[in-house]
Amino acid sequence: MTALLEAQDISKTFGNGVRAVSSVSLHVGRGETLGIVGESGWGKSTTAKMLLRLLQPDEGVVLFDGADVHRMRGSALRDLRRRMQIVPQNPQTSLNPRLTLQSSLEFNMRAHGIRAVERGRRIPDLLDRVGLDPSYARRYPHQLSGGQLQRAAIARALATGPDVVVCDEAVSALDKSVQAQVLNLLATLQRDLGIAYVFISHDLAVVEHIADRVAVMYLGRVVEQAPADALWKGARHPYTITLLSSTPGLGRERIVLDGELPSPADPPSGCGFRTRCPIAVAACADEWPLLTVRGADHLAACVHHRPQLAPAVTAVPA
Amino acid sequence: MTATTGLQVTDLHTTFGSKSRAVHAVRGVTLHVGAGETFVLLGESGSGKSVTARSILRLYGDTAHLGGRVTLGDTELTALSPKAMRSVRGRCIGLVPQDPTAALDPLRTIGSQLVEVLQVHGMQRSKLDARGRARELLELVGIPDPPRVFAARPHELSGGMRQRAVIALAVACEPELLIADEPTTALDVTVQALVLELFLDLQRRTGMALLLVTHDVGVAEELGGRIGVMYAGRLVETGATREVLAEPRHPYTRGLLDSLPRPGIPRGELPVIGGRPPMTGEVEAGCAFAPRCPRAVSSCRETAPELADLGAGRAAACPVVNPVPALTSAVSA
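Chains as they are written, first to last, in this note's numbering: chain A, 52 to 369; chain B, -11 to 321.
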């Protein structure tokens, strides 16, 4: 496996005792999209920050092109920053309100030693690529709509010529008609520039559309990981099956879970999903099942090899 | 339809700001929600859906100018004094806002907030009775351990439980109408399902009318009932929710549904509506959707079409309706 970016058993516990991420292993190949899905508080963004070296893992390593990201110094680290970029969720807060788009893009390029002549040449091209008129370079963030701002944030991420872009809920704040435009843009950029994405979202329908491989997180762990189509055709973890059934547009019969979402500060013993799992057995309270192979490149962490869940029998009146 | 029961909104207009810089956020909305019925207002940000809901409650006070008529049962809300309107809010109309954390007083227990609502509106005279009723309400909204939640402060509860507590507050006085403004947007999908089910269950038990505002097609589908699709301050399509979503007649509804990711669409080839939705009040002459509409004709840019009856309870504000074919072009703007 020649992964471009790889996490091996990374964990993070915060000072308040919250174990946000436990033994997560992931890999992304060149030009590939890895989707990470899960609900809020399940460690998706913490994982992303560790991949980007914005947070130091307590255990485990992150490798970029085979080199340990968290041991890099000097020019190797600067080079890493150039090659890994992020598109955050909220474009209103991620772009400096007092800088024009031109200045925001220049700022990022200057930090990476791109010369003035080259910067001036690249900016119209970048804006054009993300579907903004080059005249927008003179505008400030408040003069743009949400969709235009997110395009600008993408342009800024592209400015340094990255190999990997981490999109952390990058389309979640957009209206649906605009979201489709940005998803198409991301796909076009990947095809033209060969960028790899780590695409984090709580919306399975979006991840289904954009990702080659998907990791499903629950309570700080990856509970299932598989190529996207294998996951839609045959999910092997009860949580994935439930999420799929709860996602509108995928046309599945809904499975309704009882029970409260556990708190990452006070997780249940054993498998974190057992308190809501309709098919939990006694052994589930003992320990988290290990991720085991369920097919080609398909891993799941459940004691049941082929979990079967019954759809809800509640009658919803028309 | 003569509205002797439920909510009747007739030609509602809401304008913010002074005459020279007026923002016309709602531009003539007419809708009816009968007792026991559900009406979903679907739209993107800036479409005027929340402003419509809040205008019904007259929450903008002097900051907005309202036009048109709103009646609930035999009461004309738009003619009430501010004081009389205050006794309608919470008593006859319950509101469930989007963010349950902001809707609750962080310093007080859930129980004391419920008791206050019950006593302010004269539902329960004695504190003891009010407490008993408050516990019943917590049970009614499916809270598993009412005594604990009664004594808890908002930060001690999960998001889903907080939203249930807010719903308990909103239905405490058995209102004729419940307005829910994006009630599940802040919740995770597996919790969202439970909360939507709760709304339908409460409605079956109490017979109240439900007006739910959402941007989420999935939520609308789940709830059923009737739907009104809003664009730039107007209703562009109405009808039975499942029929409208299965076979939309207005090009905007069609485009919105087509742009949702779903299985079988190759990556990068989502059909899109070009351009962007107009910002609140940013509308020129003619149909507001015309600049983005693949089927616009020259007359669309001159006069804004009115909602026209298409039969079978359906209506659309488009002169070129009849079944609209799916968008085929996937070329992004």
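Worth double-checking, as some hints may not be accurate.
What the hints assert, rightly or not - Some residues of chain B that are not near chain A, with every Cβ distance over 10 Å (derived):
1. 120
2. 203
3. 265
What the hints assert, rightly or not - Far from chain B by the CB rule (all over 12 Å, computed), these chain A residues:
4. 81
5. 107
6. 112
7. 118
8. 197
Unchecked claim - Have a look at the derived ranges for each label pair, beta carbon to beta carbon:
9. 146/B - 193/A: 32 to 40 Å
10. 272/B - 124/A: 42 to 50 Å
11. 304/A - 104/B: 38 to 46 Å
12. 273/B - 132/A: 26 to 34 Å
13. 132/A - 307/B: 41 to 49 Å
14. 109/A - 49/B: 46 to 54 Å
Note that these hints are calculated values from the structure, not bench results. Every residue, glycine too, gets a C-beta built ideally from N, C-alpha and C.
Hint check:
| no. | hint | verdict |
| --- | --- | --- |
| 1 | 120 | holds (25 Å) |
| 2 | 203 | violated (7 Å) |
| 3 | 265 | violated (6 Å) |
| 4 | 81 | holds (17 Å) |
| 5 | 107 | holds (28 Å) |
| 6 | 112 | holds (31 Å) |
| 7 | 118 | holds (30 Å) |
| 8 | 197 | violated (8 Å) |
| 9 | 146/B - 193/A: 32 to 40 Å | holds (35 Å) |
| 10 | 272/B - 124/A: 42 to 50 Å | violated (57 Å) |
| 11 | 304/A - 104/B: 38 to 46 Å | holds (42 Å) |
| 12 | 273/B - 132/A: 26 to 34 Å | violated (50 Å) |
| 13 | 132/A - 307/B: 41 to 49 Å | violated (55 Å) |
| 14 | 109/A - 49/B: 46 to 54 Å | holds (53 Å) |
In this structure, the earlier hints numbered 2, 3, 8, 10, 12 and 13 are contradicted, and the remaining ones agree with it.
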